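Visitor: Spelled out from the first residue to the last, the chains are:
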Amino acid sequence: MNANEKKALEIAACKIRIGIIESTYGAKAGHPGGSLSAADYFAYLYFKQLKGLDPKNPKAPERDRFVLSKGHCAPGLYSALALKGFFPFEDLSTLRHIDSYLQGHPNMNTVPGIDMSTGSLGQGISAAVGMAKGAKYLGQNINVYTLLGDGEIEEGQVWEAMMFAAHNKLNNFCMAIDWNGLQIDGACSEVMSAEPIDEKVKAFGFDCIVIDGNDFDELEKAFSEFEKSDKPFAIIMKTVKGKGVSYMENQVGWHGKAPNTEEYNIAMQELNAKLAELEA
Amino acid sequence: MSEVIKIATRDSYGNALKEIAENGGNDLVVLDADLSAATKTGIFKKAFPERHFNCGIAESNMMCVAAGLSTMGLVPFASSFAMFAAGRAFEQVRNTIGYPHLNVKIGATHAGISVGEDGASHQCCEDFALMRSIPGMVVICPADDIEARQAVKAAYKYNGPVYLRFGRLAVPVFHDDSYCFEIGKAETVKEGNDVAIIANGLMVAEAIEAAKQLEADGISAEVINMATIKPLDEKTVIEAAKKCKKIITVEEHNVIGGLGEAVCSCLAEKCPTPVKRIGVNDEFGHSGPALDLLKQFGLSAENIVKVTKDFVK
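Residue numbers (our numbering), protein chains in the order written: chain B, 1 to 280; chain G, 1 to 313.
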């Protein structure tokens with residue numbers, strides 16, 4: 001990718017991060033940490049990778065699908081969708097409000113652009129492999145992407161889904177694991193280690209690459225490897241939880257907590273400064 | 001008297017799936033979790049192998065795979081034993097099928113104690129309770145082969161999640177081809193005035209037999225086949241209550257959370273009427289031949305007669 005493309009992605013990711021802070025601040029709740037760690041993935045996915053997306057026709061049949069298996073990171077996904085034009089960016093501040101269409105976890109029936117309702121961990125990946133199987137069965141040339149948390153892979157169902165993907169040779173299926181190392185109760189390595197993730201994923205029949213998930217060049221490499229692979233593919237993304245907001249980075253406490261007004265102001269100051277620098 | 005034909009509704013399930021596909025149901029796909037021979041989706045698999053997806057022994061994944069398939073415009077029937085379809089995968093059904101109201105059909109066989117020898121671990125008497133509690137879920141328990149095959153076809157045509165309950169045991173076929181099943185509509189099998197017996201599944205045939213015996217003893221029992229538990233045909237329940245003044249419910253399910261409770265909820269609010277519930281009395285089953293178990297648990301014409309006589313005297 002050239003410098004301009006990369007800058008455009010960096011700007012998109014920064015705006016997604018602004019959306020994450022706006023929405024969780026507006027909600028007085030939500031999950032900024034894992035949304036921020038995956039913001040670069042969301043930017044790459046929605047502004048470079050997904051084919052056939054049309055905000056005016058969110059249900060266009062021959063579109064790539066995305067399932068946010070770690071549904072609690074809805075603020076990141078909603079921000080990407082808003083930025084892409086599926087709904088107004090200003091609506092993000094209604095996240096989790098009573099009667100808002102922006103539910104705490106993704107709802108495919110209320111939010112344009114959401115391909116599957118998720119929130120209960122381990123289930124989104126199964127729905128995604130179902131879509132990939134369906135696309136193959138129907139002869140549709142589309143890809144299905146899903147994003148899991150590194151804590152989420154403690155759910156046994158995730159591995160059932162991986163078996164299904166490998167058994168059915170779903171080379172149109174690409175899962176990413178947001179390996180930020182933290183889950184609600186602490187470090188994944190202390191709560192319930194799933195490592196070595198890459199070896200386990202390979203043993204389940206996937207091709208796999210480990211990358212820095214906050215680096216667009218590496219994301220580009222990973223997605224191009226996926227496109228070349230004849231197996232289901234896993235992108236294990238080493239990321240920084242809370243990435244882009246100084247006081248949230250690598251802090252487990254920011255898994256599921258909204259910033260207060262003072263914290264919001266600091267975060268917005270940092271992100272707006274970054275945006276100004278990028279757009280200069 | 002002509003010979004009574006007996007067919008297990010799980011066979012009806014497999015046959016109906018095949019019939020749908022043979023008659024233009026191109027969007028039908030069938031999922032199973034390593035039980036194709038038992039759930040009888042094997043019948044479909046033999047005819048349409050490319051449309052039968054074996055998910056292995058992983059029911060939780062299977063339910064969500066079905067959800068994903070449905071978003072691609074397919075009509076998946078996800079099949080397993082009731083214990084695993086409604087029990088093990090409850091939360092998957094609730095969150096990934098029920099909550100988004102997806103067009104997924106759940107074909108649950110081997111329900112109730114009539115599973116027989118496998119014993120309590122496989123005798124699901126809780127599935128009505130679980131599935132009824134999911135908003136928007138249609139819950140159907142057909143009584144015989146004719147109704148079961150029609151119920152599968154009605155579920156296929158209906159747009160939304162449906163739970164279908166089938167049995168392992170061969171049961172009498174009392175409908176003929178003129179019967180027409182409709183989702184949410186009860187069938188009055190026999191008119192009566194003294195008491196109305198509302199049953200579903202294999203208990204309908206027992207209720208019919210009981211009504212015959214009661215007739216001989218001068219008790220006029222109405223028999224209602226409530227194949228759809230949800231949405232409940234409240235109109236028919238209330239009309240029967242008004243006419244007969246006494247209601248008996250019969251189901252191969254825990255008396256908690258099933259047909260009896262659905263009928264009681266309706267009547268308590270809209271037409272208070274004395275009710276007796278016949279079902280599994282909040283206990284687990286155990287191993288044994290199906291017919292012996294049904295008798296032992298009071299799920300027989302004989303016991304319906306006994307309870308009815310005590311109730312109406």
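Bear in mind the hints are in silico, worked out from the structure with no lab data behind them. If you're wondering where the values come from, they're calculated on a predicted model, not measured in any experiment. It cannot be assumed that every hint is accurate.
[To be verified] To give an idea of the chain G side of the interface with chain B (calculated C-beta under 8 Å), a few residues:
no., residue
1, M72
2, F90
3, Q92
4, A216
Here a beta-carbon is modelled for each residue, glycine too, at the ideal position from N, C-alpha and C.
Visitor: Does Q92 (chain G) meet its interface restraint, that is, does its C-beta lie within less than 8 Å of any C-beta in chain B?
Guide: Interface hint status for Q92 (chain G): holds (6 Å vs cutoff 8 Å).
Visitor: Have a go at the M72 (chain G) hint: is there a Cβ in chain B nearer than 8 Å to its own Cβ?
Guide: Holds: closest Cβ of chain B sits about 3 Å from M72 (chain G), inside 8 Å.
Visitor: Let's test the interface hint: is any C-beta of chain B closer than 8 Å to that of A216 (chain G)?
Guide: violated (55 Å)
Visitor: F90 (chain G) was flagged as interface toward chain B. Is the shortest Cβ-Cβ separation under 8 Å?
Guide: For F90 (chain G), the interface hint is violated, since the closest Cβ of chain B sits about 11 Å away, which is over 8 Å.
In summary, the structure is inconsistent with hints 2 and 4 from the numbered list given earlier, while agreeing with the others.
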